[in-house]
Structures are given as C-alpha cells and as structure tokens.
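K.L.:
Letter by letter, the chains look like this.
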Amino acid sequence: MSHFAFSRLPCTPEHYRALVSDPVAGGYASFEGWVRNHNDGRGVVRLEYEGYEALGVKEGERIVAEAFTRFPIAKAHCVHRLGVLAIGDLAVWVGVTAAHRDAAFAACRYIIDEVKTRVPIWKKEHYAAGDSGWINCEVRPADAPA
Amino acid sequence: MSHFAFSRLPCTPEHYRALVSDPVAGGYASFEGWVRNHNDGRGVVRLEYEGYEALGVKEGERIVAEAFTRFPIAKAHCVHRLGVLAIGDLAVWVGVTAAHRDAAFAACRYIIDEVKTRVPIWKKEHYAAGDSGWINCEVRPADAPA
Amino acid sequence: MAQIGIRIRIEYFAVLREHVGRAQEEVSTTATTVAELFAELERRYAFPALGRVKVAVNDEFRDWQAPLQDGDFVVFIPPVAGG
Amino acid sequence: MAQIGIRIRIEYFAVLREHVGRAQEEVSTTATTVAELFAELERRYAFPALGRVKVAVNDEFRDWQAPLQDGDFVVFIPPVAGG
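Protein chains in written order, with this note's numbering: chain A, 759 to 904; chain B, 759 to 904; chain C, 604 to 686; chain D, 604 to 686.
If you are wondering where the hints come from, they were derived from the structure by calculation, not from laboratory data. Honestly, I wouldn't trust all of these hints.
Derived DEER-like restraints, expressed as beta-carbon distance ranges [unchecked claim]:
| # | chain 1 | residue 1 | chain 2 | residue 2 | range |
| --- | --- | --- | --- | --- | --- |
| 1 | A | Val-842 | D | Thr-635 | 54 to 60 Å |
| 2 | B | His-884 | C | Gly-654 | 17 to 23 Å |
| 3 | B | Gly-841 | A | Val-842 | 43 to 49 Å |
| 4 | D | Arg-655 | A | Gly-799 | 21 to 27 Å |
Chain B regions said to be covered by chain C (calculated; three or more residues, Cβ under 8 Å) [to be verified]:
| # | segment |
| --- | --- |
| 5 | 867 to 877 |
| 6 | 882 to 896 |
Note that the Cβ used here is the ideal one computed from N, Cα and C, for glycine as well.
Using the sequences and the hints given, assemble the complete structure.
P.N.:
Okay, structure coming up:
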C-alpha cells in the first residue's frame, strides 16, 4: 500500500480513515487542513494547489516511512489535494493508528509538519479584493501556517 | 452547544466532525479510541463501558472548557460510548478545530488525556478465554492504555 | 443517648455494583463524613481492593472529609478507565 | 575552442511557471552544475526574489553543486506551502 498520495478530486475522510483501520490499533489520530476564509488578515475566496507530483510522492512516502521508524505505529497515510479548492475544503489529510495514543499523536504531528515543509506543493490564494499570490513566494504570512 | 456527551448508540465520526467545523478553522485534529482485539497480552472479544452520567457530563464539560482556556481553539467536542462494544467500535471521539494546528493538536491531546483520568467511566473487558474483568480495578494493565 | 441517623442514597457502579449486587440503596447511618460512611459500607460488604477510590456527593466530586447531610446522594468512584 | 553544450529539460511550477510563461522547456547550456544553470536562467528571465530555492535533478533533491549531464531533467523548487 502506498502511504502518500495526491488527489485532484475532493477527499472524503471516511474513505482514508478506513485505509488505516487495524484491529490491533486502540488509538487513531488524524489531522485535516481545511481552506480558511482568511489568511494574514485578508479575505480568501479560493485556493489553488500545484504539486511537483513525481518528487512529491517520493518525498511524502519517505516522510511516512520515517514516522514508522520513529514511532510504534500500526498504519499511516497522508493525502494532499491539488487543483482549485473552495473555503472549507479539505486540503490535506493525515491519519495514523497505533496501539497507544502517544505514538499515534506524535506520528500524525510528525507527518503533517514534515509534509508542509518538505513536499513540493505550492499554494496560490485568491483574495476577496480580486488579487492573488503564491504563499511563501510572493506572500509572506505574518503568522505560521495552520 | 454542549461539548461533552455520552452515547449508547454507535458513533459516526462524520456526524461529530461536522459539529466542530468552522470557516475560520484551518486545522482539525481528532482522536478516536477503538476497541482493540487484545489488551495486556490477552485476546479481547468485547467491552462494556459503564458511566456515572450525571457527574461524567459535568466533568467532561469542565475538561473541554479548560481546553478553551488553555489553547486558542475554535470548536471542540468529545463523545464517549456506553454499553456493549465490539472489536473495532469507536469508544471515544475527540475533535478540535483551530486557526493553527499547534492549538488543535494540543487541545485534542489535553481533552483525551483528562477524559481518560477524570471522567467516571469504567471498562469491563470480556476475554477470549471466557472470563472478564474491570480494567484498573480487577485488571491492572502492564502498559499504559491507548 | 439515642443516636439519630441520617438517610443517604447510594449508587454503585461497575465493580462495586457487581460486588454489592445492586445499583442503588438507601442506608440509615450515623456517619458524619463520607470517609466514615465508606468505612461502614466496607465492613458490611468487604469491598475488594480497588486502588484509589474517589467520592461524589450530589453529583460533585468531594473530599473524603466532606460532611454528610440527610438526603445526600453518594457515589464511590473506583479507578476509572475511559477511552 | 567551440563549447559543446548539453541539453537539459526544465519544468517550472507555481510562481516560476507563471513568471517564465511556460511549464516546460528544453535548453542548451554550457552550465556544468545546477547552480550555473540557475544563474543562466536568472539572467534570461530575471526571476523574482523567492527566498530559499531548492533543486531537483531527475526527480530527486540535489545539491546546488550537483553536476549536470546531457538529458537531465531539472526542477527549481521555490519555497513550498503545502497543507
């Protein structure tokens, strides 16, 4: 089973949750990033995600493999949306199961943190004012991204 | 809206996830405790949860209120099953949304940790061998619970 | 001097409910604190060793030295195991 | 002495794709490292300030001093923003 994927279609958490379910797992930790209606004080109307997919999948798989090495977990998966997203849409989903919740939480956190900084994905925000910008390239958020 | 509930019926995570969705929230962290097929080296076939509901709801609400005080979160909810559960059933669900993922993770972890130690809920495990025992009362797990 | 008892309603959960054999009872007691009431019930029922037990009076956690009043509702809380 | 160039395929993403005006191109270059290739393209396209750019050769992250070979596939990676 692959552990990291891009999706150009909307993601349903229930589908991905089923991928990591495991009868030995007592704990399931998940994280979802949703498109917010604001960023850095500006109204956001939609987002675009662009990904360098060939390298992105490799790097995503490496990150999840690292999580398996570092934490005693049962299953883990991450999926990231690409394309145009509306407010409230799921942008990224991470799910981890483990016998115990310490490992599930720690691995889930590790995966989302590493994915955000290492996987080649770019986000363009379209603002209520009509303009747009590539985050971290043209637009520097004042606060840390979610 | 209440922030803590007991349920005698199976819980669907999608239902509870919708309770904490919020357009200002960029991050959603959740934890689910599932019934494992083993504990402390013994095969488990089913569980029973019993709760002191009047005090349990009060204590659960206090825990979530503490999470709102400690962390900048948007919404939070916790639900705990009561009654007879089968392997793989969802026993407890915690969901937290926040503008940023630090707060969502920290509050989610806080709520599950406190619920497990403070809310008056008792778990009886029924073993493959035919016997049963109340966890932490008659049965002392060698390892920390999930 | 005749002792005047108070009436206390007790609810048992989980291992205590199974040990006592009922979920609720009303007792007449001269105990003045929850600790005294617990000691009295322990003599009557020979509770199993349970680790750290907590107590609630009228659906709120209370101290073991909390005073009892006629009509109080008391629950002894064995070690919990949620999640 | 005539310089023999190598042919490199380049793919642009996000802000670089929009700035250059195309997603892919093939260039003939005498650059021997990815750093030299980037400098050459920067002179041609006057890239905007982008913060820390990374580079991949043949779909793997590489050092800026990595040597280039004829037929390599190169991607310059502006600061990412997943999640």
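K.L.:
So which of those numbered hints doesn't the model satisfy?
P.N.:
Hint 1 alone not satisfied by this model.
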